Amino acid sequence: MTRRIFLGAAACAGSAPARMRELELRCALVDLGSDCVLRESLEGFAGAMPGAIKIPAEQLTDWQECQFYAVDRELGHRQECLFYVVPGAGAINDDLGLRLARLVDREGWLVFESGAGFADETAFRTQREMLASYFGLAIERPMNLRESGESIVPYVDYAWPAAVKIRDFSRVVPVGLAARPAEAPVPPLEVIGAIAGRRVAVRRRVGRGVLIFLGSPIGPALGAGDRDAHRWLKSLMALGPVDSTSFGE
Amino acid sequence: MKKSIGDNIIPKDWTLERGLELIKRSGYDGVELWLGDRPWFQMNTSDTQVRELRRKVEDAGLAVSDVANSLDWDENISARDPRIRERAMRHVERQIESAQLLGTDAILLVAGLVTEEIPYNEVYGRSIEALRTLAEKAGPARVKIGCENCNSEHRFLISPREFWQLLNEVNNPWVGIHLDVGNIHDTGFPEQWIEMHGRRITRVHLKDVLRHRGRSGDQSVYTNIFLGDNNWPAIRAALDKAGYDGWLIAEMEARYRYAPDQQLWDTATAIDRFTAAKF
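As they're listed, the protein sequences go chains U and E. Per the working numbering, the very first residue in the first sequence carries number 1; after that it's consecutive. Per the working numbering, the very first residue in the second sequence carries number 1001; after that it's consecutive.
Please keep in mind that the hints were generated in silico from the structure rather than gathered at the bench. Hints are not guaranteed to be accurate.
To list a few chain U residues with every Cβ distance to chain E over 12 Å, as calculated [what the hints assert, rightly or not]:
| no. | residue |
| --- | --- |
| 1 | Ala132 |
| 2 | Pro154 |
| 3 | Ala196 |
| 4 | Ala224 |
| 5 | Gly225 |
| 6 | Arg227 |
| 7 | Asp228 |
Result set (SDA-like, lysine to any residue): computed pairs, CA atoms no more than 25 Å apart in a straight line [claimed, not checked]:
| no. | chain 1 | residue 1 | chain 2 | residue 2 |
| --- | --- | --- | --- | --- |
| 8 | U | Lys234 | E | Lys1278 |
| 9 | U | Lys234 | U | Ala123 |
| 10 | U | Lys234 | E | Arg1199 |
| 11 | U | Lys54 | U | Asp157 |
| 12 | U | Lys234 | U | Ala163 |
| 13 | E | Lys1278 | U | Val191 |
| 14 | E | Lys1278 | U | Arg39 |
| 15 | E | Lys1024 | E | Gly1198 |
| 16 | E | Lys1278 | U | Asp157 |
| 17 | E | Lys1278 | U | Gly149 |
| 18 | U | Lys234 | E | Glu1253 |
| 19 | E | Lys1278 | E | Asp1266 |
If you're wondering where the values come from, they're calculated on a predicted model, not measured in any experiment. Positions of the beta carbon are idealized from the N, C-alpha and C atoms, including for glycine.
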């Protein structure tokens, strides 16, 4: 058990509601500014995670403190964030990609919600390059499922961390399974959500943390009060620090 | 999910017993009884006769899925004339009483009827008042009142949010929505209604609809399941999402000119396929 997991477990040792409150305070909502192409998604997450610290991307540090004080507010025993959410992502520069990768490696959870379906081609390309470089993920060009003309069931079926159905947000970013950085093998990519036979949500171990990629935004569903979307987020936060059990290994 | 069909599908010259036998044989689990539609179930049908009706249904190997009524179109709870309103309240109360006698826990009503004469806002207020009063009877009887979305037919509560708002204002757990997935026509998408109303759905009516055509003369826009424009895979998924596991009740308008019993067989097969999500 690492020091961070020990501290997390110790701090979480109270009652279940108290533990949940703590976990809610250990979230960071990363505001990409003009590169957040779905502001309503950011607002949806902000409404669903009132304890999260909302931080502009450029101020994100390698040791990101959260709203939770482990011992005493006056003494200033602030804790590190456990969950990082990047809603409605458009363009992502290399520097931010590196910082996100470092944070994930500190046993964090990174929920990366792609808004590439609502961004221009350049933004999509930078996002694709960043995800490939730092997370070994190959995303495909955004697509509008309805334009295919086929009648689709308008829900993304999530299998993890809760089995829920969440309405798709028109344009999805499918994920390829063939992502392989040249230099080293990477942990397997696990599909956690699909729609119309396309993989649009995956998770992958990244160092000591976990990346969750959402190719269909769920922030707007959170904002609209979708119970399944809230259940999905709460189930994720309830997992606490990343360890083998929380990852279902 | 269990499947049911209305007793109003039974050919007019058939007896109830013959009709129930066909319903059972063609694969249904239950029957929806329509107060005021067929001679065996009218306002003057006594309690004893209603019990006898239940015995016949059960002897046929069926259950009563719910009690609907065909009287709301002439006597609605939103009528301006207090005497008509009183009659409307009475027949809904009779539905509640009958539901108890028949061993079911849901009734269907048309909650409000907007006409050229009676405007929307009047209908809205009266409907809420009437539903609150009826809920006081439904709760102790443990019978759920399902207000059917008749959309363009009653020109009222056209959108799911309007319906949601009405139910919020009634604010009683015994009042919900009897959702008809065929009634939404061009004004929306049934899967969105299901998603929005979730646990408030008391029963589901199934039929398909031909969108973009509208009603003209005696030409119906309704058709058999899978023949129209409803997105059935989406409806099936939405029911899953909403956790609906109750009765699916076929409300078929299209009658077969020849071999009228074929409608029941075809519809039962379609519902089985819908339930199994094999598209």
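Which numbered hints does this structure break?
When the structure is compared with the hints, numbers 2, 3, 4, 5, 6, 7, 8, 9, 11, 14, 15 and 18 turn out to be violated.
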